[in-house]
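*Asks:* First to last, the sequence lines map onto chains G and F.
Each residue of the first sequence is one higher than the one before, starting from 0 at the first, in numbering that gives the first Met the number 0.
Each residue of the second sequence is one higher than the one before, starting from 0 at the first, in numbering that gives the first Met the number 0.
It is worth saying that the hints were derived from the structure and are not from the lab.
Warning: the hint list may mix true and false statements.
To be verified - Okay, the calculated bits of chain G under chain F, using three or more residues with CB under 8 Å as the criterion:
no.	segment
1	8 to 14
2	27 to 34
To be verified - No more than 27 Å apart at the CA atoms, straight line, and that leaves these computed lysine-lysine pairs for DSS-like:
no.	chain 1	residue 1	chain 2	residue 2
3	F	Lys29	G	Lys21
4	G	Lys5	G	Lys21
5	F	Lys34	G	Lys21
To be verified - Just the calculated beta-carbon pair ranges, DEER-fashion:
no.	chain 1	residue 1	chain 2	residue 2	range
6	G	Glu14	F	Ala122	43 to 53 Å
7	F	Asp26	G	Asp18	13 to 23 Å
8	G	Glu14	F	Ala62	21 to 31 Å
9	G	Lys5	F	Asn148	43 to 53 Å
10	F	Glu85	G	Arg15	21 to 31 Å
These figures come from a predicted structure and were not determined experimentally.
Idealized CB from N, CA, C, for every residue including glycine.
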Amino acid sequence: MAVEHKDIVWTHNLERALDEAKSRQRHVLLDFSAAPM
Amino acid sequence: MYTDPRVVRFINDHFVPVRVHVGDQADEFKRLSAKYSAQWTPTILVIDSTGEERHRVEGFLPANDFLAQLELGLGRSAFARSDFTEAERWFREVVAQYTDTDAAPEALYWAGVARYKATGDAAALRETAQQFRQRYQGTSWAKKASVWN
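Starting from the given sequences, assemble the full structure and let the hints guide the process.
*Replies:* Encoded structure:
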């Protein structure tokens with residue numbers, strides 16, 4: 000069953016995200032941010 | 000942008016989201032902003048799984064405009080890998096769902112191009128030019144499509 004997240008689950012490592020995107024056939028959304036974390 | 004539930008759902012459904020923070024991750028921010036020429040925050044990139052940038056949004060956008068840009072980006076990515084059918088599907092959805100956004104005339108233009116690339120039929124371009132005579136007049140995309148009349 001799919002889990003519905005109420006927030007975006009950000010990661011912080013682009014290289015790992017690209018590997019995950021490849022295996023899950025997704026794109027990476029890369030946000031250069033100055034917003035409070 | 001990221002507080003709208005539709006944005007959250009769309010990003011979680013279609014992307015692996017990565018955030019690099021100008022202050023908290025200064026070294027990583029410097030490395031990746033140099034790699035992708037990101038000079039301002041927020042800059043949001045749609046990157047395919049090979050690491051190629053396919054679309055970018057610079058500056059804040061309201062949720063509808065942002066969603067339209069994300070879908071436009073997925074369309075541009077499909078177009079770049081010559082999947083013109085999927086590209087057209089994304090572009091047409093932008094026009095249908097986000098009609099009043101700045102992304103819509105751009106999507107209408109590329110929908111025509113994608114259909115032409117898929118079919119080789121120049122009627123796709125003429126029909127797109129006709130649609131631009133009825134909407135989005137005054138946009139740069141209408142000007143670009145005007146040569147297809």
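*Asks:* All the hints need checking, so say for each whether the structure fits it.
*Replies:* Each hint tested on the structure:
no.: 1; hint: 8 to 14; in the structure: holds (count 6)
no.: 2; hint: 27 to 34; in the structure: holds (count 8)
no.: 3; hint: F/Lys29 - G/Lys21; in the structure: 25 Å, holds
no.: 4; hint: G/Lys5 - G/Lys21; in the structure: 24 Å, holds
no.: 5; hint: F/Lys34 - G/Lys21; in the structure: 20 Å, holds
no.: 6; hint: G/Glu14 - F/Ala122: 43 to 53 Å; in the structure: 45 Å, holds
no.: 7; hint: F/Asp26 - G/Asp18: 13 to 23 Å; in the structure: 21 Å, holds
no.: 8; hint: G/Glu14 - F/Ala62: 21 to 31 Å; in the structure: 30 Å, holds
no.: 9; hint: G/Lys5 - F/Asn148: 43 to 53 Å; in the structure: 49 Å, holds
no.: 10; hint: F/Glu85 - G/Arg15: 21 to 31 Å; in the structure: 26 Å, holds
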